[in-house]
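Engineer: For reference, the chains in residue letters:
There are 2 protein chains.
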Amino acid sequence: MQYETKRRSILKAVSWRTWATMTTAAIVYMFTGRFTLAITIGCLEVFAKMGLYFFHERLWHRLRYGKKEIPAFVVWFTGLPASGKKAIGDAVYRQLQQENLRVERLDSRDVRPLFPKTGFSPDQVDAHIKRAGHLVAMLEKNGVIVVASFVSPYRSSRRFARQMARNFVEVHLNSCVEACEGRDTQGHYARARRGEYRYFPGVHVDYEAPQSPEISIDVDSLTTEQAAQQVVDYLKKEVMSGKPRTAAAQKPATAAATRNHLQPGSTS
Amino acid sequence: MQYETKRRSILKAVSWRTWATMTTAAIVYMFTGRFTLAITIGCLEVFAKMGLYFFHERLWHRLRYGKKEIPAFVVWFTGLPASGKKAIGDAVYRQLQQENLRVERLDSRDVRPLFPKTGFSPDQVDAHIKRAGHLVAMLEKNGVIVVASFVSPYRSSRRFARQMARNFVEVHLNSCVEACEGRDTQGHYARARRGEYRYFPGVHVDYEAPQSPEISIDVDSLTTEQAAQQVVDYLKKEVMSGKPRTAAAQKPATAAATRNHLQPGSTS
Chain A
1 MQYETKRRSI LKAVSWRTWA TMTTAAIVYM FTGRFTLAIT IGCLEVFAKM
51 GLYFFHERLW HRLRYGKKEI PAFVVWFTGL PASGKKAIGD AVYRQLQQEN
101 LRVERLDSRD VRPLFPKTGF SPDQVDAHIK RAGHLVAMLE KNGVIVVASF
151 VSPYRSSRRF ARQMARNFVE VHLNSCVEAC EGRDTQGHYA RARRGEYRYF
201 PGVHVDYEAP QSPEISIDVD SLTTEQAAQQ VVDYLKKEVM SGKPRTAAAQ
251 KPATAAATRN HLQPGSTS
Chain B
1 MQYETKRRSI LKAVSWRTWA TMTTAAIVYM FTGRFTLAIT IGCLEVFAKM
51 GLYFFHERLW HRLRYGKKEI PAFVVWFTGL PASGKKAIGD AVYRQLQQEN
101 LRVERLDSRD VRPLFPKTGF SPDQVDAHIK RAGHLVAMLE KNGVIVVASF
151 VSPYRSSRRF ARQMARNFVE VHLNSCVEAC EGRDTQGHYA RARRGEYRYF
201 PGVHVDYEAP QSPEISIDVD SLTTEQAAQQ VVDYLKKEVM SGKPRTAAAQ
251 KPATAAATRN HLQPGSTS
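If you read the sequences in order, they're chains A and B.
Using this note's numbering, you'd call the opening residue of the first sequence number 1 and step up by one each time.
Using this note's numbering, you'd call the opening residue of the second sequence number 1 and step up by one each time.
One or more of the hints may lead you astray.
As the list claims (entries may be wrong) - Taking CB as the label site, the calculated pair distances span:
{"no.": "1", "chain 1": "B", "residue 1": "Arg34", "chain 2": "A", "residue 2": "Ser241", "range": "46 to 54 angstroms"}
{"no.": "2", "chain 1": "B", "residue 1": "Leu59", "chain 2": "A", "residue 2": "Tyr3", "range": "19 to 27 angstroms"}
{"no.": "3", "chain 1": "B", "residue 1": "Thr40", "chain 2": "A", "residue 2": "Arg64", "range": "31 to 39 angstroms"}
{"no.": "4", "chain 1": "A", "residue 1": "Gly187", "chain 2": "B", "residue 2": "Thr185", "range": "30 to 38 angstroms"}
{"no.": "5", "chain 1": "B", "residue 1": "Ser241", "chain 2": "A", "residue 2": "Tyr65", "range": "22 to 30 angstroms"}
{"no.": "6", "chain 1": "A", "residue 1": "Lys236", "chain 2": "B", "residue 2": "Lys117", "range": "52 to 60 angstroms"}
{"no.": "7", "chain 1": "B", "residue 1": "Ser15", "chain 2": "A", "residue 2": "Gln97", "range": "29 to 37 angstroms"}
{"no.": "8", "chain 1": "B", "residue 1": "Phe120", "chain 2": "A", "residue 2": "Arg64", "range": "25 to 33 angstroms"}
What the hints assert, rightly or not - Simulated pairs of lysine-lysine, DSS-like, Cα-Cα distance not exceeding 25 angstroms:
{"no.": "9", "chain 1": "A", "residue 1": "Lys141", "chain 2": "A", "residue 2": "Lys236"}
{"no.": "10", "chain 1": "A", "residue 1": "Lys6", "chain 2": "B", "residue 2": "Lys117"}
{"no.": "11", "chain 1": "B", "residue 1": "Lys117", "chain 2": "A", "residue 2": "Lys67"}
Claimed, not checked - Which bits of chain B does chain A cover? Going by a derived footprint, with three or more residues having C-beta under 8 angstroms, they are:
{"no.": "12", "region": "3 to 15"}
{"no.": "13", "region": "18 to 24"}
{"no.": "14", "region": "27 to 35"}
{"no.": "15", "region": "39 to 53"}
{"no.": "16", "region": "57 to 67"}
{"no.": "17", "region": "131 to 138"}
Because the hints were derived from the structure by calculation, they are not lab data.
Computed from a predicted structure; not experimentally measured.
For glycine and all other residues, C-beta sits at the position ideal for the given N, C-alpha and C.
Isolated chain A, as found in the complex (with noise of 0.2 angstroms):
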């Protein structure tokens, strides 16, 4: 969806003209020694190149041959309420925007309000996932990067994620839940602990730790910086460059199927 203004071409053509035509009548004076000659031929050069120029800009516009995407992905950060998930999440996604990606930045807080009704019974958060997982994938499917991040404390609503997304990075916020309760300035595990919560994970129910995340962060040692740094330092080098990566490679097939069949009108 991205096209090249005529002004664009124009001024392509005069910069080009400037580099041309000096070497052009530089040529010309090194074989004749003739510098009047040079200059009346760089002259007329001038005037009948910018035009050719400007042509060709245009002819090579309608091409799309050599015009690449940088391929969207995922970037799904999970871990314990107050493991650092929206802090560093929020550092990678300005990381990102600033280098003129198309970018969408997706945490809990900002999904949940859409479905006011989802509760946070493991049934409950499982289909939250879930359609985050859609969400995610659609972005994703129309080249637009995602940063999200969810606690989502059980693997098989992750694995869901990831088998919806073409390019899944997993980020696990490795830390225990002493650490976490230490750093929760909102009061949250003292809520759970009070019994005001149910399903807390960490307090209630098990927060299952990814077994194979792309990344895995401790936090504990590093600052927020840091480890958005590692992220970003890791989604340079394994998937912006376009080489394929392993855990791609090994996807299950059923991914597509999923996605086809729930969106039947995207799939061509």
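Knowing the structure of chain A, use the given hints to seat chain B on it.
Structural biologist: Structure of chain B alone, referenced to chain A:
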């Protein structure tokens, strides 16, 4: 997120040189009448300028000047059940796809399975349409054109979707209940009349026709292809050309505020 490969720059350099050197040689011959000199200068130029052209291309590749995006938009089909939303929407989607545009298709039938507990009471339909509004706006914000088709019988929920989007094109498929019932091969109207459905638009609840849609189509007198063509013609003339539309200019200022409020991570 688009980039140009080095191979494209090399091919452009060769293509340009073919035309440009022939021009130079012709000019030199015109002025000197010396055929050999013209050919010699032409040959030397080939090598000097091909390299120059390549580096000139790579330099311009770094400049974003004059590279523009076709603005994304939302085409929202609304109309009674069996008024042709799915078929006409699919036809418009296919035509836009053929233009190499980034386009997503969202039909009510594809979205409802994601929220299996959403019923058809006015409140639930309103919530359903508002969720769809969030979804289309998120896609549009990221440069994706969306072709959406929902009965969306209530004005207030359609207004919400319009306010979420930046560039909203409402297409009303205009037809009476009798004509739609006659077209309904799936027997939905019959089931509604037998009382198997409640809140069926056109039978139990009013379908609130749009008061000022961007496009109103008299579906009873047009084929699916003709109707789709009307929509595509409007889009090309009024939306994809990039010129400001009156409706967009009149958009209430609250639209941006609502979006920012709900997606705090993606405002910039």
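Engineer: Okay, which hints does this one fail, numbers in order?
Structural biologist: 4, 6, 8, 10, 11
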